[in-house]
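J.: Residues per chain are reported as follows:
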Amino acid sequence: MEEPQKDSIQELQEKCDQYLAGWQRAKADLINFQKEEERRFETTILYSSSQIIKEFLPTLDSLGFALESTKENEAAQKGIATIKSQFVDALTKMGVKEIPVKKGDEFDPTKHEAMMQVPLSEEEKDLDNKVVEVLVPGYTTASQVLRATKVKVGMFTENNN
Amino acid sequence: MSKIIGIDLGTTNSAIAVMETAGPRILENSEGNRTTPSMVALSKGGEKVVGLLAKRQAVTNPKNTIFSVKRLIGRKFSDATVQSDIKWLPFDVREASNGGVEIKMGEEWLKSEQISAMILTKLKADAEAKLGEKVEEAVIIVPAYFDDSQRQATKNAGEIAGLKVRRIINEPTAAALAYGLNKNKDEQIVVYDFGGGTFDVSVLEVAGVEGEEGNIESQVLVKATGGDTHLGGDDFDKAIIEYLVAEYKKQDGIDISSDDLALQRLKEAAERAKHELSTSLETEINLPYITSDASGPRHFLIKMTRAKLEELVREKIDHSLEITNQVIKDAGFTVSDIDEIILVGGQTRMPAIQEAIKKHFGKEPHLGINPDEVVATGAAVQGGIFQGDVKDVLLLDVTPLSVGIETLGGVFTRLIEKNTTIPASKTETFSTAADNQTSVEIHVLQGEREMASDNKTLAKFILDGIPPAPRNVPKVEVTFDIDANGILNVSAKDQTSGKTQSVRIEASTSLSKEEIEKLKQDAAANREEDKKKKEAVEVKNAAENLIYVSKKALADGGEKVPEEIKSAVTEKISSLESAKNGSDLEAIKKASEELSKEIQKIGESMKPGDANPPEGGAPKETPAQSTDATSESEEKKSDSGSE
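Line by line, the protein sequences are chains A and B.
FYI, this note's numbering numbers position 124 of the first sequence as 124, with every residue one higher than the one before it.
FYI, this note's numbering numbers position 435 of the second sequence as 1435, with every residue one higher than the one before it.
Keep in mind the hints are simulated off the structure, nothing from the lab.
It is possible that some hints are incorrect.
Claimed, not checked - Simulated restraints on C-beta separations: (1) K1303(B) / I83(A): 21 to 29 Å; (2) R25(A) / P1468(B): 47 to 55 Å; (3) K27(A) / E1514(B): 31 to 39 Å; (4) E1477(B) / E38(A): 26 to 34 Å; (5) G1296(B) / Q144(A): 35 to 43 Å; (6) G1162(B) / V118(A): 36 to 44 Å.
Stated by the list, open to error - Straight-line alpha carbon distances no greater than 30 Å define the calculated DSSO-like cross-link-like pairs of lysine-lysine that follow: (7) K84(A) / K1303(B); (8) K103(A) / K71(A); (9) K1267(B) / K97(A); (10) K84(A) / K1267(B); (11) K27(A) / K1134(B); (12) K1104(B) / K111(A); (13) K1087(B) / K1238(B); (14) K1044(B) / K103(A); (15) K1238(B) / K54(A).
Ideal placement from N, C-alpha and C gives every residue a C-beta, glycine not left out.
Please put together the full structure from these sequences, using the hints given.
T.: Here is the structure:
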């Protein structure tokens, strides 16, 4: 039998090394991909449920507007408040919380979205860069802000007066 | 080597993507969004905020919220565009000592590169958090019309952000890369980019140029660009809002255009309606308690059709096509010279735009990739090329067509689907279709049609020696294994006896391109009809199984089953049997349902604690095809085998 030449052995060795490296890389890639895929799956679930919840928020807003608009009618108020409460209960079970915010709170872009500025008089100047009115409530889940609270922010300048 | 990220540094929004084993992937930012507003601000508390947070506080802080910096980067202050833009930009801009542009943020005057660097720093940090590793290199995308100075400034911004910028590439080129259109030589490509605020159109040519080693390489050349810096999807939203305000005034006689909250709700509803009308023909705008007057609260409910939306924005679409024609002319081509059209930008989701393009060019535009992400995806592809991910030495093939076996009723059951990367292996368990069946025939097929007889036979073999047992009890494990060379090994093993048979098929992937194409076309042409045939078989199989289970339940129950139930079940069995012999599927389904209900009564009639409840008294859900699957021929064989 003919002896294999040195060159061809070296060539084969190189090829072998290259294949092994490729194989190891592919295997590592696969394992990493699987791990990443698991994480991505979890994120996707979270993202999908957030998307579904977001779709329902305008209905919750409308119930809020309805409450505001029926202050004169006690019976209607009670009915709407009950429905809203059912809705909020269901959202709470899904881990959704309303962002607590009231007039005078410092404006915080991590939770609030400024829709407009309100010029302040000298007496109100303490409300500068603070929330002066909540337009639409915001909501969070454990991991993210679903929707920032839409607010009016106070602005005091000497020229306001 | 760390990953090279691709960055689409947009005028309004930015995106990041990276090349992975499975292909390019968009990376979400720390807020969980796939795009990041290209905004930077110095908040009133003196904190630098970037992206969504900067956007949320923009109204309260217009002087220190910097956006659209892409309109200024790398330009001279004296530039006409800069002079025109600074008229409407709310922050202060001045001439730098080198004639460039400086922007005031807080007390500091910053170069436009520094502002862009802040956005890039956030994108880099978000990418690192998502990838769990350090990111040091990037490919950044710029508009094709950017000159050297604008490109250099963008590169500098990257370097300030701590990124080694491997290459600055053009937006349309990135779009072509995303679709892999950079390889087809001598092609002319139009990239139609209709974003939120700007419209850009480019004509590209893929030409063969001499590479470093003297070989001919493909290169994407930008032949001409054009657009309108103030035409975009925002104009569409505006048109919808104006229409809704007018409609509401007509409906209720109230002008809500000065009611800030109502207008804000209307704006959101308009955006939602626009998105919905991309997929449906009609949508409802429903805004209860939008306002109130002396008579009490007022509501706004209106239906809007896709046709109405198209009527509102028709002029704008036509205008974009006029610009497109001009750019094609500037490139020295005519519309008929264009081989490919790529749609970029969220607004191109609108069916009217897609239709207009199709009609204008007489061909289908490329649509597969999310139009908001095409450019970042292309940047990731370029990053992957640098990284070597795309030029993998280990080339893996895919199965061109599905392979599987024939199962009960002549149905083709796929084990390995088409386009599966090989080597690949798949095992499924099947069973017998008749009582005491001692052999099964494994009919190996290839193709995309639903019925076995319409596909190509690759091999047939028989596994015998299965110990006699009721149907569905034996477990036959069928394994398909395709190696890297496309050689298919099929084996069948009876789990009880351990008996195995196998076959090796050399040419499972060696069909010619034409043959594969023809088979795929056949499948597409017959899809509906095949689906119906398959459904018919499945309904009949389920009915047959239900009859079997019902008869067995009656037999097992024996005397314990009350006479009236027994006769009712028997009657329903014969109704189903006669329905099954006909071809009216609805009748079979109805008879199955009736028998199903009736047979439940057997279980209910047995007293609790009965020592011997009839086996299978309640019908099980029809087993999936792959668990009870056996072909008709197998059934026949078993009949003869058991005689």
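J.: When you take the CB atoms of K1303(B) and I83(A), is the distance between them in 21 to 29 Å?
T.: holds (25 Å)
J.: Lying within 31 to 39 Å: is that true of the beta-carbon distance K27(A) to E1514(B)?
T.: holds (36 Å)
J.: Is K1044(B) within 30 Å of K103(A), Cα to Cα?
T.: holds (18 Å)
J.: Assuming the hint says 36 to 44 Å, is it satisfied by the Cβ distance from G1162(B) to V118(A) or not?
T.: At 41 Å between Cβs, range holds.
J.: For the pair supplied as a hint, K1238(B) and K54(A), confirm whether the alpha-carbon distance does not exceed 30 Å.
T.: Holds: K1238(B) and K54(A) sit about 23 Å apart, inside 30 Å.
J.: Would you mind confirming whether the straight-line C-alpha gap from K84(A) to K1267(B) stays at or under 30 Å?
T.: holds (24 Å)
J.: Quick one, are K1087(B) and K1238(B) close enough, alpha carbons at most 30 Å?
T.: Answer holds: K1087(B) to K1238(B) is near 22 Å, not above 30 Å.
J.: Given the hint that K84(A) pairs with K1303(B), does the C-alpha gap stay at or below 30 Å?
T.: holds (26 Å)
J.: Within 35 to 43 Å: is that where the Cβ-Cβ distance between G1296(B) and Q144(A) falls?
T.: Taking Cβ atoms as reference, G1296(B) and Q144(A) lie about 38 Å apart, which means the hint holds.
J.: Going straight from one Cα to the other, do K27(A) and K1134(B) come out at no more than 30 Å?
T.: holds (22 Å)
J.: Are the Cα atoms of K1104(B) and K111(A) separated by 30 Å or less?
T.: holds (26 Å)
J.: Mind checking the alpha carbons of K103(A) and K71(A) for me, to see if they're no more than 30 Å apart?
T.: Measuring from Cα to Cα gives roughly 21 Å; hence the hint holds.
Going down the numbered hints, you'll see the structure goes against none, and every one checks out.
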